[in-house]
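Build out the structure end to end from the sequences listed, making use of the hints.
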Amino acid sequence: MTDPLRPSDHADSLPAGSGDDVTQPRLGVIGWLRWGWRQLTSMRTALVLLLLLAIAAVPGSLVPQRTADPNGVTQYFTDNPDLAPVLDKLSLFDVYSSPWFSAIYLLLFVSLIGCVLPRTKHHWKALRSQPPRTPARLSRLDGHRTRTIEVEQDADAVAAAAIDSAAAQLRKSGYRVARYDARGSFSVSAERGYLRETGNLLFHGALVGVLIAVGVGGGFTYTGQRVLVEGQAFSNSLLDYSSFNPGRFVGGDTLTPYSMTLDKFDVTYVPPGQPGSGQAGDFVAHVTTQTPGGEAQDGEVRVNHPLDVQGDRVYLLGNGYAPTVTIRDAQGNEVFHDSVAFLPQDANMTSLGVIKVADGLPQQLGLLGFFYPTMDVLPSGALTSTYGALEYPTLTLRVYEGDLGIDDGTPRSVYTLDPSGMTQIAGGDSGTPAIQLMPGQTEDLPNGLGTITFENEAPAGATGYEQSVKRFASLSIHRDLAGPWVLGFALLALFGLLAALFVPRRRMWVKATPREGVVEIEYAGLARGEDPTLAAAVVQLADKHGATLPAQSHPDTGKVD
Amino acid sequence: MPGTDPLLLDEISLLLVWTAVAIYVLAFIAYAIDLARRSDLALKAKDEVVARELVTAGGGGVISSGTASAASPSSAKPRYLWARMGTVLTALGFVFHLVATVLRGVAAGRVPWSNMYEFAMTGLLLIIAVYLVVLTRYDLRFLGSLMTGLAVLLLGGATLAFHVEVVPLADPLKSVWLVVHVFVASLATALFALAFGLSVVQLIQARRERKLADAPADAATKRSFLRTVPNADALESLAYRFAIVGFIFWTFTLIAGSIWANDAWGRFWGFDTKEVWTFVIWVLYAGYIHARATRGWRGTRSAWLSIIGFTAVLFNFTIVNVFFKGLHAYSGLTT
Ligand code: HEM
Numbered sequence: 001m002t003d004p005l006r007p008s009d010h011a012d013s014l015p016a017g018s019g020d021d022v023t024q025p026r027l028g029v030i031g032w033l034r035w036g037w038r039q040l041t042s043m044r045t046a047l048v049l050l051l052l053l054a055i056a057a058v059p060g061s062l063v064p065q066r067t068a069d070p071n072g073v074t075q076y077f078t079d080n081p082d083l084a085p086v087l088d089k090l091s092l093f094d095v096y097s098s099p100w101f102s103a104i105y106l107l108l109f110v111s112l113i114g115c116v117l118p119r120t121k122h123h124w125k126a127l128r129s130q131p132p133r134t135p136a137r138l139s140r141l142d143g144h145r146t147r148t149i150e151v152e153q154d155a156d157a158v159a160a161a162a163i164d165s166a167a168a169q170l171r172k173s174g175y176r177v178a179r180y181d182a183r184g185s186f187s188v189s190a191e192r193g194y195l196r197e198t199g200n201l202l203f204h205g206a207l208v209g210v211l212i213a214v215g216v217g218g219g220f221t222y223t224g225q226r227v228l229v230e231g232q233a234f235s236n237s238l239l240d241y242s243s244f245n246p247g248r249f250v251g252g253d254t255l256t257p258y259s260m261t262l263d264k265f266d267v268t269y270v271p272p273g274q275p276g277s278g279q280a281g282d283f284v285a286h287v288t289t290q291t292p293g294g295e296a297q298d299g300e301v302r303v304n305h306p307l308d309v310q311g312d313r314v315y316l317l318g319n320g321y322a323p324t325v326t327i328r329d330a331q332g333n334e335v336f337h338d339s340v341a342f343l344p345q346d347a348n349m350t351s352l353g354v355i356k357v358a359d360g361l362p363q364q365l366g367l368l369g370f371f372y373p374t375m376d377v378l379p380s381g382a383l384t385s386t387y388g389a390l391e392y393p394t395l396t397l398r399v400y401e402g403d404l405g406i407d408d409g410t411p412r413s414v415y416t417l418d419p420s421g422m423t424q425i426a427g428g429d430s431g432t433p434a435i436q437l438m439p440g441q442t443e444d445l446p447n448g449l450g451t452i453t454f455e456n457e458a459p460a461g462a463t464g465y466e467q468s469v470k471r472f473a474s475l476s477i478h479r480d481l482a483g484p485w486v487l488g489f490a491l492l493a494l495f496g497l498l499a500a501l502f503v504p505r506r507r508m509w510v511k512a513t514p515r516e517g518v519v520e521i522e523y524a525g526l527a528r529g530e531d532p533t534l535a536a537a538v539v540q541l542a543d544k545h546g547a548t549l550p551a552q553s554h555p556d557t558g559k560v561d
Numbered sequence: 562m563p564g565t566d567p568l569l570l571d572e573i574s575l576l577l578v579w580t581a582v583a584i585y586v587l588a589f590i591a592y593a594i595d596l597a598r599r600s601d602l603a604l605k606a607k608d609e610v611v612a613r614e615l616v617t618a619g620g621g622g623v624i625s626s627g628t629a630s631a632a633s634p635s636s637a638k639p640r641y642l643w644a645r646m647g648t649v650l651t652a653l654g655f656v657f658h659l660v661a662t663v664l665r666g667v668a669a670g671r672v673p674w675s676n677m678y679e680f681a682m683t684g685l686l687l688i689i690a691v692y693l694v695v696l697t698r699y700d701l702r703f704l705g706s707l708m709t710g711l712a713v714l715l716l717g718g719a720t721l722a723f724h725v726e727v728v729p730l731a732d733p734l735k736s737v738w739l740v741v742h743v744f745v746a747s748l749a750t751a752l753f754a755l756a757f758g759l760s761v762v763q764l765i766q767a768r769r770e771r772k773l774a775d776a777p778a779d780a781a782t783k784r785s786f787l788r789t790v791p792n793a794d795a796l797e798s799l800a801y802r803f804a805i806v807g808f809i810f811w812t813f814t815l816i817a818g819s820i821w822a823n824d825a826w827g828r829f830w831g832f833d834t835k836e837v838w839t840f841v842i843w844v845l846y847a848g849y850i851h852a853r854a855t856r857g858w859r860g861t862r863s864a865w866l867s868i869i870g871f872t873a874v875l876f877n878f879t880i881v882n883v884f885f886k887g888l889h890a891y892s893g894l895t896t
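Same order as they appear, the protein sequences are chains A and B. Taking my numbering, the leading residue of the first sequence gets 1, the next gets one more, and so forth. Taking my numbering, the leading residue of the second sequence gets 562, the next gets one more, and so forth.
Keep in mind that the hints were calculated from the coordinates and are not lab data. Take these hints with a grain of salt, some might be off.
Derived coverage of chain A by chain B (criterion: at least 3 residues anywhere in the stretch with Cβ under 8 Å from a Cβ of chain B; other residues may be distant) [stated by the list, open to error]:
hint, stretch
1, 33-47
2, 153-161
3, 304-314
4, 429-436
5, 444-452
6, 492-500
All residues carry an ideal CB built from backbone N, CA and C; glycine is no exception.
So this is what it looks like as structure tokens:
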């Protein structure tokens, strides 16, 4: 018996005797467990779990997810203050790690393993067993054909020879063959398509592989983010990341030491008047990397083309302008000098940034700045940027004086300013207009606090504003050990699937029965599972074999029933 | 580049698209007339058979209605003139459609599947192409009105709603994976579309067969194109064959998409809305394949899964692209 082992409710297996149900009341604990296990590993359960999985995955696309869109979740809480906590209780913001989603796929995979293991064992045996005995009446099977050879003497010898050649022919086309010669008839039984079941098992097994690779590999994966302004460097250590998400099994000492400098960031804009004008593209971060004791190496980070450094992959996440600002106190002493990354707010790079001066002035100073690479004034009087490149760069700043709230150890984002506990001394309702600067310009701070300069970073002798403001790149550094494994298993699954769906599994028989003066040869096939080309295959076998037979043979009509 | 002004090329392309849509409308009409007339033809053919049997049987023969209805329609093969016209028109529309798509690609200087309008254009081109190719092997012209109807609705709708002028690609789209991933996804969609059509007809046919079994006399005289269509079992196994090829392509789409996501976003899977739906569709079709192998699910129930699967594909392409927020924001529409 070499049929693949299928769950008992597989469409091709015989309906199970009703005995199972009848004996139910007398089942012991073991019996119940066995019954439950059989239910769990049945085709119907697999199907229901698959459909449940499909349905359960949907809400994650309707409600923002913490992993994919954390800001969306925050926004959702703001917009739906009543509903959001309820949804949160149901894990709807973390669908794919929720207990109910996990339960579905874990059950599915338990079912899968429970289904695949016995089948693998069975298939292993089948691979080394003989094709089954030739059925007594081939005429009942698909595409049954007959052919008669007229013989003068030894009909047995002719029959045996015909079967020999049929067996050879079948073996040549990939069948495993066995001879069954008995009681006045000679026959060959052939089977092919074991690869179909192998493919099926490989596919299902590889799915388990994908799940394990994702689960375990994820523990060895880390990602870290870092913003670099042109000219800045960072070293690959925990301290130098602005955020770092390690997998469960990643320690800080596992980071490979190297350093990376952002030399230059390039971007091009579609000029005005062309289709898609103002659209930015061809982002390139030119970097230099250096390992301890190694040579400095130039590299590029582009969208779609991460840079490989020592097994890490460096991705370009975002970019923007980092205006360089110098602040001096009333005596002219420098109290602040830095290039501050401003976060882009729209396609034309209107950018928002915060400058915090903690020391050196009578009180702490907070400046909330807008940067417009190509500033224009709207009819309403508000400022806006009309183009992403540096055509008419302008920086405006509102100034707050007071307590920045950073001394008590509360973590504060460098990109936001909490003005509570501060007094606005320029811009807004303060009575003093906001400070407005172009590169190279200096203004007085209000109340005689000192001066502020928007530095022009262009090299000496440059004309225009093109290089007047530095850019920053926000980089994401990943180490992903799971990826290659996941890909490997996914490809295995794909190949398994190809075999499982397209390799026909079939049996063929050729039987020769010597009678008076003739040898009758029969051909028949039997499909095991989906096999649309079986009938054609039998015809082909019969024709090809017929051609090798003595000339006085003639085909009978192919009886197809 | 003299004479290759992208704007002009796109305008010509647009004109050709509308021509194609118009021709598809005609093809749809021809196919619809064909379906309406098939029942007549089939009845007439049957009458002829009955008449012949009466003649050959002479006076003494008893004609049971069972014999008549069992006579396969092919015994007096009617020629479907309108269907043939529908196919010719579909092929003609396809040529215009193809040239329009190629021109759009030339105008843009890249593959013509990078925003909603172009996805629709290429996706439907493939649907029609697969349909026409399959016609050379199987007579599926009874699906003609469904296929051309789909093309008219979606291509016309996409052109009205989603047409955008050619603009340079956004950086994340500049990748070989755009070429591979999106093309294979469209191919899978085309195969799912065909499987969907067959499953729909299968359901209707199965209903008719049930009625026929319940009240042979009533149903046998009812006119219906279904008489000329293969039986539900045959439709089902054909649908299955297209669906599994589509499923292979979809699996590849999923893998290729993950590789691309890993290059573009630094993770191969992140349950982005589009990823979620691609996964849901994959699982649905895996369910369909399982259903075909599960006792009690083969037949009508599995056909419903094929229909739900394709509905999800359409949903993924339209609603998810336009209204759902996610990283795959490439509809090309400004919001
Ligand atoms: C992650 C969940 C699963 C997925 C995505 C999945 C997917 C598939 C696919 C695509 C096929 C068609 C390929 C082939 O015929 O070999 C298939 C077939 C099959 N699966 Fe699964 N499967 C899953 C779980 C299971 C489970 C839990 C069982 C056991 C109950 C199972 C049993 C089978 C069987 C017996 C076939 C062969 C069907 C036939 O004879 O045509 N599968 N599965």
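The hints, checked one at a time:
1. 33-47: Contact hint for the stretch 33-47 of chain A vs chain B: holds, 4 residues under 8 Å.
2. 153-161: violated (count 0)
3. 304-314: This one holds; 4 residues, not fewer than the three required, reach chain B with a Cβ under 8 Å.
4. 429-436: Coverage by chain B is violated here, the residue count being 0 at a Cβ distance below 8 Å.
5. 444-452: n = 0 at 8 Å, threshold three: violated.
6. 492-500: Per the Cβ count (4), the hint holds.
The structure shown violates the earlier hints numbered 2, 4 and 5.
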